[in-house]
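Undergrad: Could you put together the complete structure from these sequences and hints?
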Amino acid sequence: MIKRLFDVLASMIGLIILSPIILIAAVISVISQGFPIFFHHERLGRDGFPFTMVKFRTMDSGHSLSAKHDITRLTPWGRVLRRTSIDELPVLFNVIKGDMSLVGPRPMPTKYLPRFNKSQINRLNVKPGITGLAQVTGRNSLSWEERFALDVNYVKNNSFMGDLIIILKTLIVVFKGKNVDANNQEIMPEFMGSGHYENGE
4 MIKRLFDVLA SMIGLIILSP IILIAAVISV ISQGFPIFFH HERLGRDGFP FTMVKFRTMD
64 SGHSLSAKHD ITRLTPWGRV LRRTSIDELP VLFNVIKGDM SLVGPRPMPT KYLPRFNKSQ
124 INRLNVKPGI TGLAQVTGRN SLSWEERFAL DVNYVKNNSF MGDLIIILKT LIVVFKGKNV
184 DANNQEIMPE FMGSGHYENG E
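With our numbering, letter number 92 in the sequence shown gets 95, and the count goes up by one each step, no holes.
Take these hints with a grain of salt, some might be off.
Said to hold, decoys possible - Straight-line distance between alpha carbons at most 16 Å, and here's what the computed EDC-like set of lysine to aspartate or glutamate pairs gives:
| no. | residue 1 | residue 2 |
| --- | --- | --- |
| 1 | K100 | E45 |
| 2 | K114 | D50 |
| 3 | K159 | D50 |
What the hints assert, rightly or not - Restraint-style ranges between C-beta atoms, simulated for each label pair:
| no. | residue 1 | residue 2 | range |
| --- | --- | --- | --- |
| 4 | L18 | L167 | 15 to 23 Å |
| 5 | M195 | V11 | 34 to 42 Å |
| 6 | S144 | I19 | 27 to 35 Å |
| 7 | I5 | S144 | 29 to 37 Å |
| 8 | F163 | V33 | 36 to 44 Å |
| 9 | P117 | V33 | 33 to 41 Å |
| 10 | L18 | K121 | 36 to 44 Å |
| 11 | V30 | M164 | 35 to 43 Å |
| 12 | K172 | I16 | 17 to 25 Å |
| 13 | I5 | S35 | 35 to 43 Å |
| 14 | E148 | L21 | 31 to 39 Å |
| 15 | S144 | G37 | 28 to 36 Å |
These aren't lab readings, by the way, just hints derived from the structure by calculation. Here a beta-carbon is modelled for each residue, glycine too, at the ideal position from N, C-alpha and C.
TA: Right under this line is the structure:
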């Protein structure tokens, strides 16, 4: 109850404070990339139920949606949005709707559901989050197995105070731009199942 109340209040306050940035980002997106401004993608929510996550579009919509081409599809403005994490700001609406929490395991594409092992599936026992333990521990310097192990650890040991610490650490990580690749992009290989990867997101 406290977590949900905090999620809603913090997200609403965040949207109010960040509304000028969101508006400017939207205008620049239209000028530099055209429409659509937003990217809608079906992700796994709590207990595996799907929901539609909304982010600023950072890729050329005229190309294939294959994850392995993510880096080449990134637009110049999209790189800026990702580097600054501004592309994530619309996700605050998902938090207000109740699809997500501010803190929790990152929401994965629905196609990943059958690829989780018996331990990894436990990450779906809580709402997915904008940020989480894995994001403040290593971001894409971690393997999928390491990320998911941290997610499961969060599920088993999460607390309101722990969430506040993760949020604080997230602000520091975003400000410093730590643990992203050489182009400051958080591009990961597609998760094909433990020990199996395909180049891409």
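Undergrad: What hints, given by number in increasing order, does this structure fail?
TA: Violated hints: none at all, because every hint is consistent with the structure.
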